[in-house]
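Chemist: Required output: the full structure, derived from the provided sequences and hints.
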Amino acid sequence: MKFGVVQFPGSNGDQDAYNAVCDVLKQPVEYIWHKSTAVDGFDCIIIPGGASYGDYLRPGAVASLSPVIDAIRGYADQGGRVIGIGNGFQILCEAGLLPGALMTNSNVRFKCSYISVRVENNFSDFSHKCTVGQTLSLPIEDYQGSYYCNADELKPLESENSILLRYCDKSGKVTYDANPNGSALNIAGILNEAGNVAGMMPHPERAVDDILGSADGVLILKSIAQRLD
Amino acid sequence: MAKVNVYVTLKPELLDAQGKVVQGALENLGYTGIEGVRVGKIVEIEIADAAGNIEGKIDEICRKLLVNPNTEDYRFEIEKG
Amino acid sequence: MAKVNVYVTLKPELLDAQGKVVQGALENLGYTGIEGVRVGKIVEIEIADAAGNIEGKIDEICRKLLVNPNTEDYRFEIEKG
Amino acid sequence: MKINDEDTMSITDTKPIKPEVYKEMGLNDAEYKAITETLGRHPTYTEVGMYAVMWSEHCGYKYSRPILRLFKKYREAIDGAGLENAGIIDIGDGLGIAMKIESHNHPSAVEPFQSAATGVGGMLRDIFTMGARPIACLNSLRFGPLDDARNRYLFEQAVAGIGFYGNVVGVPTVGGEVYFDECYSGNCLVNAMALGVIRHDSVAYARADGPGNPVLIIGSHTGRDGIHGATFASVELSEESESKKSNVQMGDPFAESALIEATLEALETGYVVGIQDMGAAGITCSTCETSAKSDTGIRIDIRKVPVRETGMTPYEIMLSESQERMLAIVEKGKEDEIIAIFKKWEVPVEIIGEVTDDELVHVYDGDELVAQVPSKSLAEDAPTYDLEGREPDYLAGLNNYDLSGLAEPDDYNDVLMRLLEVPSIASKQWVYEQFDHTALGNTVVLPGSDAAVLRIRGLKKGIAVVTDCNGRYCYLDPFAGAQIAIAEAARNLACSGARPVGATDCLNFGNPEKPDGFWQFKRAVEGLAEACEFFDAPIVSGNVSLYNETPQMAIYPTPTIGMLGIIEDVNKRCSSEFKAAGDIVVLLSGVRFDEGESLPVCERESLGGSEYLNTIHGIVAGRPPALDMDREKRVHKALIKAISQGLIKSAHDCSDGGLAVALAESCIAGGLGADITISANCGPSAALFAETQSRVIVSVAAENLGLLREIVDECRVECTVMGTTGGEVMKITINDVEVVNVGVEELDSCWRNAIPGKMAETGVGC
Ligand SMILES: Nc1ncnc2c1ncn2[C@@H]1O[C@H](COP(=O)(O)OP(=O)(O)O)[C@@H](O)[C@H]1O
Ligand SMILES: [Mg+2]
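Chains as they are written, first to last, in this note's numbering: chain C, -11 to 217; chain G, 97 to 177; chain A, 97 to 177; chain P, 492 to 1257.
Quick caveat, the hints were computed from the structure, so don't treat them as lab data. Bear in mind that the values here come from a model prediction, so they are computed numbers and not experimental data. There may be inaccurate statements among the hints.
[Stated by the list, open to error] With a Cα cut of at most 25 Å, we get these calculated SDA-like pairs of lysine to any residue:
id, chain 1, residue 1, chain 2, residue 2
1, G, LYS99, P, GLU800
2, P, LYS1132, P, GLU1205
3, G, LYS107, G, GLU168
4, A, LYS137, G, GLU142
5, A, LYS99, G, GLY132
6, A, LYS137, C, GLY170
7, A, LYS176, A, ALA98
8, G, LYS116, A, PRO165
9, G, LYS153, A, GLU123
10, A, LYS99, A, ALA144
11, P, LYS1070, P, GLU1219
12, G, LYS107, C, GLU146
13, G, LYS160, G, GLU140
14, P, LYS1222, P, ASP905
15, C, LYS23, P, GLU752
16, A, LYS137, P, ALA640
17, C, LYS23, P, GLU756
18, G, LYS99, P, THR801
19, G, LYS137, A, TYR170
20, G, LYS137, G, LEU111
21, G, LYS116, A, CYS158
22, P, LYS952, C, TYR6
23, C, LYS99, G, GLU168
24, C, LYS161, P, ARG1243
25, G, LYS176, A, ILE130
26, P, LYS1063, C, ASP197
27, G, LYS107, A, GLU173
28, A, LYS153, G, ILE138
29, C, LYS23, A, ASN124
30, P, LYS1249, P, ASP1239
31, G, LYS107, A, LYS99
32, P, LYS835, A, GLY129
33, P, LYS1222, P, ALA1171
34, G, LYS116, A, ILE138
35, G, LYS160, C, HIS22
36, P, LYS509, P, GLU522
37, G, LYS107, A, ILE138
38, A, LYS137, A, TYR103
Modeler: As structure tokens, this is what we get:
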């Protein structure tokens, strides 16, 4: 079972994602250069976090036009699993692989912090190791992490169980105060309609060891790895 | 030679967080009667060759890269030189 | 009632990292003859009361808050309504 | 350019440069004369510019070099192989940490966002130029009080700029400090620090060996920005500096992140002979310093330098401080391989010349020779001056200020809360939330504790890092204040379980040409030099920022220390918050106890220089608290040992605001109250708020108290049980009188909302 981690100029979460797959999942993993279109043979492709192309213009806008994303579009159409984390989520939205967009945080400041998210869906390949309603502690770090989509897209997200994670308080309640950036419906992560493409602003790959403050990210990584078994 | 100014603004129905902060700041500075502030982008492009369907080309560039149609509107001006 | 558009652009002698990336992306998309791209800001302000020296007021707002005179130039248009 | 021909060209017929011109650039008559003597002719305009920047204080250290020799590592480097971009500290296992701190003060007062951003960029380049992979950034920031809108603007923009750069590059900003004081109003301090990991066998050097080897310029195109930035950093800020504004440098963290990956990959090949980043004085500095170090020369054609604008003069190209650029010297015949690596990362790269054997820097503008200067005269022969220092007249009066008449406050709860609200003491969450501190996934102790702790992939050991300096102490006694900065940095490391292994310093001072200013500078360096050796934290790198004053005021002398420590087992790291109800709260102290007493002998004077005195009484006077380095070190030893055995649940040092503030911070961070009882032979204000040194508050499980006592006895450290954790209230009883009783939630909200509250008074610009 082979993981791919896409490398864009300037993306910096690639190493975290790569190391997490090596150290935590102990699975084979390879970098995929942004100009490459060779995406077959991977069991899951990670589009990592961290400022591809400097987040210039709009985060993810430039990266979404790269050859690798075109190839990933085909890969996803055939049911290939893709997870975008942070900037990776932004890229997937910009590329139209996920609905909606990520907008500037409501306080117009970058925010880095451990937050709590509630698992809304545990049928997916990205969350079946969790229970519905479980609270995960994960770090966020973004300036444009506020999820938005129009009403037409929002309804199906809700009705089709495509909301993966929502910002909540420590006890698991989804409240206004627990929303760190103004996201619609406190959305922190979503799935596409087919359930094989996921995007999330929190970083599970950085929360993989109690010593780092949380190992809750392991549940998400293991969900991916074990469904593939 | 053409100089193109593309103006990209947030769709009016969306909350403009940055605009709101600027508005608050203006109010703090004592300016009254500010009813709304919205912050958008200008992208200035210089193109060597202004022949052909330049409008069509710019429009394409906007839709492909400069603008996120989910959240933004745009208009542009072309100044041929 | 007045609607004011303030256009804020980076001084021409300064490096526009954003513009450079946009230019590179356009070239990668196959657009040729792009000689330069610069990214700036528009701030749209709605003011209830357009009486008095509104130009002066807007200019002051630009200098106090909207524009960083070390790095940016600006111009504005006022549309009285 | 005929660079392959025998270089027979030389510059003749030069005319004298007008004194106004070289003076405007910062050279004096004697320096100009020395240049003409070295060259045997008058310099060209380009050459004067090159000398002016290289001989400025910022690059040439003309006033500070004699003093910096007090630092052992500096002396050894200057007398030996030469200084490198950053110092390297051995951490065992074949690995080292490259570490450096640097100021971006003057530009920040003019254009805070870009200056803070480029400060971070410059630091990172110093690190990866050595071949080290950057793993963390820290910073040290000082501004005037937040009641003033201009100060709020500077603070907000500097923080945003640091965040912008570090967050986009993807190196976590794991710690730092922020202070506010009137003395920084006209002259804020923005110091950026970075560190990276490196294998000892793959260190890269700033050298230009091997005549004939090609010289490459790498990275962003050269523009007109920042010309004479180094000179600018070497004068006092004045109205006139307003007109130099247009030389702000713009940072491009995206370009930097590609530069990091490409450079590290190029260095891996082993074909890079030498490499130097371009900071102050750009191409001038990198060409002359690398060749001077290798006893070679360099010949370049500035027309080969990729430029952003047309019509740039040789002078402008040689002095530009455009960011995200490097100079590399590559093994002849391997240049294509190296160039291919940079191309892959889409980083611009050009061959601009070659190494020569004549020890000269030759600058061609196409066919025309525009400068030809001995490398060493630029890089090493900057004149140094022994300035005169004199103890400032005001100092004796301040030091001997009589504090005995101070009234005790009526309400200690109120005083405590007022101190927690002082922005220098209050929570810095507003700041560090704007920095990505979890990037790279190695941050073990996040901002908010004493020192930041990082794991190193594949190793059991971890590292701890911290920045520290109390400028007020340094103002009252630069020698003692500097020593306390070192002691406190080491103490913060010890609180996380780390022993210090090295340090870096940023010497922020006023005008050295004034005897007061020079005395402060010299005394502080003397203090640092002695203390850093004593605490086994040799200073391996640093930076000097002088002239931090306005016509109204000089800053407090502020020798910021960045210190690195090692934790043998990173799983054993400790943090500052109380962990569980029912734990015993213990004070470890290096201060002498009198028979039968459970708190140090303290006198009124120990309130000298304290935040209490400043905030509650509006007085900056007295002497800084006394430091006994030997006792201090024993506390660290006991603490590190107890932490390594897993005996201690939390540790937090007493610093600004004294014992009461430190207790409150451990309560707030842990969301737990404490019931504390102490006895003292001084007034409650001194017992609660004196900033007596060498003290650490720890919490331990009751069953481990005995084992802890054994360790502290063995280390000859005082250990006083003060109470227990638990409940929702923090209570302090002194000599049977309850003086403090406040809910932790109330303390928390004072402390947490102070900075956001002040900042909400303004809005962000866009
Ligand atoms: N400018 C900053 N950048 C990042 N972290 C900061 C900054 N200022 C303070 N911090 C963090 O906030 C915490 C408290 O800082 P400070 O009040 O200076 O602590 P101390 O009193 O222990 O020196 C520390 O973890 C520190 O690293
Ligand atoms: Mg501390």
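Chemist: Compare the structure with each hint and give your call.
Modeler: For each hint, the structure was consulted:
| no. | hint | in the structure |
| --- | --- | --- |
| 1 | G:LYS99 <-> P:GLU800 | 18 Å, holds |
| 2 | P:LYS1132 <-> P:GLU1205 | 11 Å, holds |
| 3 | G:LYS107 <-> G:GLU168 | 5 Å, holds |
| 4 | A:LYS137 <-> G:GLU142 | 17 Å, holds |
| 5 | A:LYS99 <-> G:GLY132 | 9 Å, holds |
| 6 | A:LYS137 <-> C:GLY170 | 23 Å, holds |
| 7 | A:LYS176 <-> A:ALA98 | 4 Å, holds |
| 8 | G:LYS116 <-> A:PRO165 | 22 Å, holds |
| 9 | G:LYS153 <-> A:GLU123 | 13 Å, holds |
| 10 | A:LYS99 <-> A:ALA144 | 9 Å, holds |
| 11 | P:LYS1070 <-> P:GLU1219 | 13 Å, holds |
| 12 | G:LYS107 <-> C:GLU146 | 23 Å, holds |
| 13 | G:LYS160 <-> G:GLU140 | 16 Å, holds |
| 14 | P:LYS1222 <-> P:ASP905 | 13 Å, holds |
| 15 | C:LYS23 <-> P:GLU752 | 17 Å, holds |
| 16 | A:LYS137 <-> P:ALA640 | 24 Å, holds |
| 17 | C:LYS23 <-> P:GLU756 | 18 Å, holds |
| 18 | G:LYS99 <-> P:THR801 | 19 Å, holds |
| 19 | G:LYS137 <-> A:TYR170 | 13 Å, holds |
| 20 | G:LYS137 <-> G:LEU111 | 16 Å, holds |
| 21 | G:LYS116 <-> A:CYS158 | 16 Å, holds |
| 22 | P:LYS952 <-> C:TYR6 | 22 Å, holds |
| 23 | C:LYS99 <-> G:GLU168 | 24 Å, holds |
| 24 | C:LYS161 <-> P:ARG1243 | 23 Å, holds |
| 25 | G:LYS176 <-> A:ILE130 | 14 Å, holds |
| 26 | P:LYS1063 <-> C:ASP197 | 14 Å, holds |
| 27 | G:LYS107 <-> A:GLU173 | 21 Å, holds |
| 28 | A:LYS153 <-> G:ILE138 | 23 Å, holds |
| 29 | C:LYS23 <-> A:ASN124 | 11 Å, holds |
| 30 | P:LYS1249 <-> P:ASP1239 | 16 Å, holds |
| 31 | G:LYS107 <-> A:LYS99 | 17 Å, holds |
| 32 | P:LYS835 <-> A:GLY129 | 23 Å, holds |
| 33 | P:LYS1222 <-> P:ALA1171 | 16 Å, holds |
| 34 | G:LYS116 <-> A:ILE138 | 14 Å, holds |
| 35 | G:LYS160 <-> C:HIS22 | 18 Å, holds |
| 36 | P:LYS509 <-> P:GLU522 | 13 Å, holds |
| 37 | G:LYS107 <-> A:ILE138 | 14 Å, holds |
| 38 | A:LYS137 <-> A:TYR103 | 6 Å, holds |
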